[in-house]
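Chain order of the listed sequences is D and R. Once you know that position 113 of the first sequence is 1405 in my numbering, the rest is easy, because the numbers rise by one and skip nothing. Once you know that position 200 of the second sequence is 1009 in my numbering, the rest is easy, because the numbers rise by one and skip nothing.
Be aware that a few hints might be false.
Claimed, not checked - Using C-beta positions, here's what the derived DEER-type ranges look like: (1) 1004/R to 1319/D: 22 to 30 Å; (2) 1425/D to 968/R: 51 to 59 Å; (3) 1376/D to 860/R: 41 to 49 Å; (4) 907/R to 1376/D: 40 to 48 Å; (5) 1302/D to 1015/R: 16 to 24 Å; (6) 1403/D to 864/R: 42 to 50 Å; (7) 1319/D to 1038/R: 56 to 64 Å; (8) 961/R to 1444/D: 25 to 33 Å; (9) 1015/R to 1419/D: 37 to 45 Å; (10) 951/R to 1403/D: 17 to 25 Å; (11) 1376/D to 853/R: 47 to 55 Å; (12) 1322/D to 907/R: 33 to 41 Å; (13) 970/R to 1419/D: 36 to 44 Å; (14) 1015/R to 1433/D: 55 to 63 Å.
What the hints contain is simulated information worked out from the structure, not anything from laboratory work. Cβ atoms here follow ideal geometry from the backbone N, Cα and C, with glycine treated the same way.
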Amino acid sequence: MNRFQKWLFLAGFIFISFGCQRDDICPEGTETTSLLVIEFYDPLDPTRLKAVSNLTVRASGMEEVLVESSTVNTVSIPLRTNENFTEYIFTVNSGSDEENSDTVTFTYSPDPEYLNRACGYKVNFNSLDVAIHDDEDNWILSETIIQESVENETEAHIYFTH
Amino acid sequence: MKQKLIFILLISFWFHSSAVFAQQTATDTVDVREKYGLRVGIDLSKPIKMFIEEDYQGLEVKADYRLYDNFYLAGEIGNEQHVISQPNVTASAKGSYIKLGGDYNFYQNWTGMQNIIYIGLRYGFASFSTELEEYSIYNRNPYFEPDIRAESRELNNLTAGWLELQLGTKVEVLNNLYLGVHVELKKKVNETKPGNFDNLYIPGFNRTYDGSSLGVGYGYSISYLIPLYRK
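The shape of chain R in the complex, shown without the other chains (with noise of 0.2 Å):
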């Protein structure tokens, strides 16, 4: 039994070795400077969103550029339209929005790999519209029966700027693809507001809450770097 177990070892350190080996003598092989280039992609959980949510459409389209070994210029280009139904309010917003900054990657790679865990920074503006389609009157006395009222409310030209702080990771799953997975926290900065209601949902913001400027979002990715050079 002793010796059985001895065997054993033996033989694994055997194996270990020679794989450690292997992946010596593997990478010695491999250029091992990082790709630097364009990465082009899009957000995957808005089609998820519109599979699942009837009232939803989102489109976001991504790119980062590597500017510096940890530092990628970022941004999100994107439009959406969504239907908010509140007990007393339902209206619809949609519009397109961008999203400007960098990502700062704070993931030490092993040699060879591009994996990435960034924070990333942005400043967000939307140019959208909203309409206001169906309200009731709150009243706390019910003698008279409930004042519901179905007359649409069009209300063009609004606008919003947010800060957006976001932590993720891309993996690179394949040669040059990635996939990605972030969480998002905003804070607006700037907003038009329509006479007599409020933004209850910004494109690429998402919803509002009543006495925040704050807003969550994530999103999954998928994108293709464009390696222009090695560094």
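Next comes chain D alone, as it looks inside the complex (with noise of 0.2 Å):
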């Protein structure tokens, strides 16, 4: 009865232990859906990062701005998971008299992937474009693609020149 015992103990502390349901929490360091990374250069340089000053990025239709006027070389967007565009205004210089505004859309096909139990899923952005508005006066000069994936923010994916 005593050997009984011992095992009785062991089976029940596996039990407890199961039942401190750890993969119940997403955990913080899991890659989940990525967000886009944009870097800026310089067009007579483009090797060399350049900031843009007093950058407001915006989605169209939101309300919200995503960064209000900060000066900056590179900015991570989160894209639209249930659409295959999303459509955000670049704002340079905003609040001064040279304010000027890029209306870029991007395209893709997001493909979501499953993670686990407790993130569920994330979405890859695959096969991504980009377009810039014509406005006669476009601040961002060009766009280079550097990852047609988005399934991680390790690198950018695309330069702008400005």
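Since each chain comes alone in its own frame, lean on the hints to assemble the complex.
This is how it looks when you write it as structure tokens:
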């Protein structure tokens, strides 16, 4: 009987430790739906990052701005996972007289990928394409797609020159 | 006072010895050879779970056959249907399973009693289907509204196999009627996973764990021994 009790305790211990379901919470480090990373370069020297002064970024149809008037040389923006395009308005020198807005459409095919039971799914954006709407006074001069699929944020996906 | 204590002591000795004596005479008249036969039963934990949990249905029939003194051939067959609701995924699984193996009794009974405390080993196999009912796209950036998708996806022809260790006891409560309780520890050995999804629940195996092939379970049983011969 004593031997049995030992086994019972062991089994009980295993049972309880499984009860603490660690994998029901999506872990912080999990690579979930990626943001689109854009870097801004100098058109004269395309290897040099060039900061955009007072950049404001807002998606078309959204009241809320994503990036509010900050001087940066890289931005990370979310794409709509339930559409195959997202339109953003990039405004340079926002708040000043030289304010200039360019509208950019990112098109892609969103493919859900299963992660695990806690996180659910992420979306990978494949066949990425970008179009800057021509408004006769574009401050974004050119665009280069570096990675056609957006799966992680380790490197930039798109370069803009200005 | 002292006399009284001695008197009680003597009386208790007398009762004690008579009780022992009575027991001996009783066992003398009983056939002490142990019963061999087929024990058939059902798992009680599943109907209880059906009563408690709305999104569960299950039934399990079990049987064991005493092959040697302490060794039983044993198996279970069952059917389950269960909905798994996680914050980001809701899926249901339904299907049937069979478990085959043996039980080894390591409990030394008193003469005339046939309870067992056993360790069992099984190979379990399940054939099932899963329906992905709802899922959300995990996005750490809350700029856009959450993307929750309710498009249902049916995933058929799934199978899984596992090894299972059981530890339990079966106690004869009435003549040939047994009540049992056991715990299960399982390790998945083979599995077909649905494309771009996972098996969150496998009938007979119970819920799965991310990054681990282990599983757990338990059961209560009521079973009846059909005695075939004595030895």
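Do the hints match the structure? See the list:
At about 24 Å, the CB distance of residue 1004/R to residue 1319/D agrees with the hint of 22 to 30 Å. Distance hint for residue 1425/D and residue 968/R: a CB-CB separation of about 53 Å, consistent with the stated range 51 to 59 Å. One distance hint, 41 to 49 Å for the beta-carbon pair residue 1376/D and residue 860/R, holds here, with the actual separation near 47 Å. A hinted range of 40 to 48 Å for the beta carbons of residue 907/R and residue 1376/D is consistent with their spacing of about 46 Å.
Residue 1302/D and residue 1015/R have their C-beta atoms about 19 Å apart, which keeps the hinted 16 to 24 Å range intact. The hinted range of 42 to 50 Å is not satisfied by residue 1403/D and residue 864/R, whose Cβ atoms lie roughly 30 Å apart. The supplied range of 56 to 64 Å is met by residue 1319/D and residue 1038/R, whose beta-carbon atoms lie about 58 Å from each other. Between residue 961/R and residue 1444/D the beta carbon distance is about 30 Å. The supplied range of 25 to 33 Å therefore holds.
Checked against the hint of 37 to 45 Å, the C-beta distance between residue 1015/R and residue 1419/D comes to roughly 41 Å, which is consistent with it. Between residue 951/R and residue 1403/D the C-beta distance comes to about 22 Å, which sits within the given range of 17 to 25 Å. For the pair residue 1376/D and residue 853/R, the supplied restraint of 47 to 55 Å holds, since their beta-carbon distance comes to about 53 Å. For residue 1322/D paired with residue 907/R, a C-beta distance near 36 Å keeps the hint of 33 to 41 Å intact.
The given range of 36 to 44 Å is respected by residue 970/R and residue 1419/D, whose C-beta atoms sit roughly 39 Å from each other. Between residue 1015/R and residue 1433/D the beta carbon distance is about 60 Å. The supplied range of 55 to 63 Å therefore holds.
Violated hints amount to a single one, hint 6; each of the other numbered hints is respected by the structure.
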